[in-house]
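First to last, the protein sequences are chains A and B.
Just so we're aligned, residue 1 is where the first sequence starts under this note's numbering, counting upward by one.
Just so we're aligned, residue 158 is where the second sequence starts under this note's numbering, counting upward by one.
Treat the hints as calculated values from the structure; they're not laboratory data.
Virtual Cβ for every residue (Gly too), placed ideally from N, Cα, C.
Hints are supplied without guarantee of correctness; some may be wrong.
[As the list claims (entries may be wrong)] Short derived list, chain B residues pointing at chain A, Cβ under 7 Å:
1. M158
2. Y163
3. L164
4. G186
5. F190
6. Y419
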Amino acid sequence: MAGERIAITVTVNGEDYREEVPATRSLLDFLRDDLALTGTKEGCGEGECGACSVILDGRLVDACLVFAAEADGRRVETIEGLADGGDLHPLQRAFAATGAAQCGYCTPGMLMACKALLDGNPSPTHDEAAQGIAGNLCRCTGYGTIIQAVMDAAEES
Amino acid sequence: MRPFNYLAPTRLDEALSLLTPQAVPLAGGTDLFLRMERRQTQPDTVVDLKRIPGMDGVEAVDGGIRIGALALMETLAASPLISDPYDALAQSARVVGSIQTRNRATVGGNLANASPAADTATPLMALGATVEAADAGGTREIPLDELFLGPGRTALREGELLTAVRVPALPARAGSGFQRCVRTAMDIAVVNCAAFVQLDEDGVVAEARIALGAVGPTPLRAPAAENRLEGRRFDPAAAEEAADCAAEDARAIDDVRASADYRREMVRVLTRRAVGNAFRRAQGEA
Chain A
1 MAGERIAITV TVNGEDYREE VPATRSLLDF LRDDLALTGT KEGCGEGECG ACSVILDGRL
61 VDACLVFAAE ADGRRVETIE GLADGGDLHP LQRAFAATGA AQCGYCTPGM LMACKALLDG
121 NPSPTHDEAA QGIAGNLCRC TGYGTIIQAV MDAAEES
Chain B
158 MRPFNYLAPT RLDEALSLLT PQAVPLAGGT DLFLRMERRQ TQPDTVVDLK RIPGMDGVEA
218 VDGGIRIGAL ALMETLAASP LISDPYDALA QSARVVGSIQ TRNRATVGGN LANASPAADT
278 ATPLMALGAT VEAADAGGTR EIPLDELFLG PGRTALREGE LLTAVRVPAL PARAGSGFQR
338 CVRTAMDIAV VNCAAFVQLD EDGVVAEARI ALGAVGPTPL RAPAAENRLE GRRFDPAAAE
398 EAADCAAEDA RAIDDVRASA DYRREMVRVL TRRAVGNAFR RAQGEA
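Just chain B, with the same shape it has in the complex:
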């Protein structure tokens, strides 16, 4: 590993002033450490964020929640503020890597790394999340739909740090579901899928959001599948049609984990199940 300068500021403004183009922020390090060891990233300076107080919690804000960027996967998995209302998010955090990884990996790192397979990205997209991005000039909010530009590339500007994730209040008669397909338990997802539905008083879908992971250069929304659900009541045919649309929305490729054809088929299966989970929760059955 190339030598570097390790800094551990205790204030956010101090950390932001240290994030020069040759510096990288360090959260859990489960991705960064290996990239540095393989010399894929060779920073002059590593700015460890973990000494900054208050960046690793989950709090209720405006009916929704605000998750600090340094919140651990284990924190997300265990938080009562998340595990019931935002079921898809809690489930996604529980399946990231091993307990050793979940005790280090953070939600901010999972998003800022911009892996197309990031497990918390799809549920957060389906739940309508935004991220807070801070730099020396202030803080702005970026809708998660606009954060990912490509594998490892985000809309964060140079010197800008992802400091928190905001998930809006869960409306009445709404629910979410998460599904994932892997080769082995510790592997990253071959495909993952999260669905969110909100029903009106008659049980008709007022809004649907479906997000797909590992089937494109970024986690992506499935607009055709969402449109197919809106205005419908839940029945198996509706879930089936949305699943077919999602398979069309996917931009799957062949790689070491699976073929594009297999991925599209898995998108169909996982979307059908995730939509079913979301409906059942929206109807108060799960």
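Just chain A, same shape as in the assembly:
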């Protein structure tokens, strides 16, 4: 019946979470409110800004436009899983070194977009890096340092 909760199991950053959610719950709200993984941000809430970017079964998606129920049985990667314990991911180190984060609100989504890009294309050109983050809006840092960080991270790994 409408309004009934649905039992889902989602693998987030390698860990299985079993929860009951209403059908209306977005993957974004599931991550933030049910799992308390608040690294993923809500920006526009309508698939324009990329702040809520996560990797779902290997593909970069806006978590605000996915129902949590759609992620049942799927693998999700979020910003919380990017570092290996205390060791930052090469992208995180490069972001820090180039000053590619200012206010930081777009950064988790930006980093996941960059990870998805490098997962599929370990040595992107400048244009490919720019295309890879074209769905992620940044209003303060500027894309120059972000693209530089992607190029630096690609070189390092």
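With chain A fixed as given, assemble chain B onto it according to the hints.
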């Protein structure tokens, strides 16, 4: 968002039996999710199609291709079955939204939503595509030219699901081109245009198909422009005349993205370029 019942069948016949008038099918959700959030669509039941195996691929069939309705824009953009022969279609899939959107948005959703600006609609019309529509009684084919009835309205009957798109074999000496004009990279098209030409052995146009998007209540063909090309060899004047005809064929309106006058002018420019692209490919130059 109004509460609803979420169902994720694993067989097509099961999905079809669930598509009551109060239910909506869910593919990528990039349009549906927002419409539900804004309460423009308030279904009792959402039938997620993504657990049905085999609906998201591209396969070679009868010399042409069959694209599952759930094939992603990224799949279309990357498929070798599409990217060379059906160049216009591959190009259109590459410019839909962001990578996040292209990883969710499906060709079936792009068509069934019947947006006048749907980017894959114009190349598929120019390529002579048909769609497969299934219901409990069986499957029928609908020429894409007959699918769109108005903004958000299609010839799909109640309970009928768009399950695949078929693109016929590309004849010898044929080629296609796609052009698009947007305000900003992530915006929907102000105008889009796709052209297809097939040449005879003497390089004369045997058949031309031109489709225009965002310049009418549905994606539409430009018959005057097509007629102007048929029987002609390629030269800049022919493309120019077809472009003028296409601007007449367009039924552009003023809206937030552009004025009708600007749209007609863009139809002229984009048609000229798309026809040029199609010719070059038909002549094996591109």
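Going through the hints against the structure:
{"no.": "1", "hint": "M158", "result": "4 Å, holds"}
{"no.": "2", "hint": "Y163", "result": "4 Å, holds"}
{"no.": "3", "hint": "L164", "result": "9 Å, violated"}
{"no.": "4", "hint": "G186", "result": "6 Å, holds"}
{"no.": "5", "hint": "F190", "result": "5 Å, holds"}
{"no.": "6", "hint": "Y419", "result": "24 Å, violated"}
Checked against the numbered hints listed earlier, the structure breaks hints 3 and 6; every other hint is satisfied.
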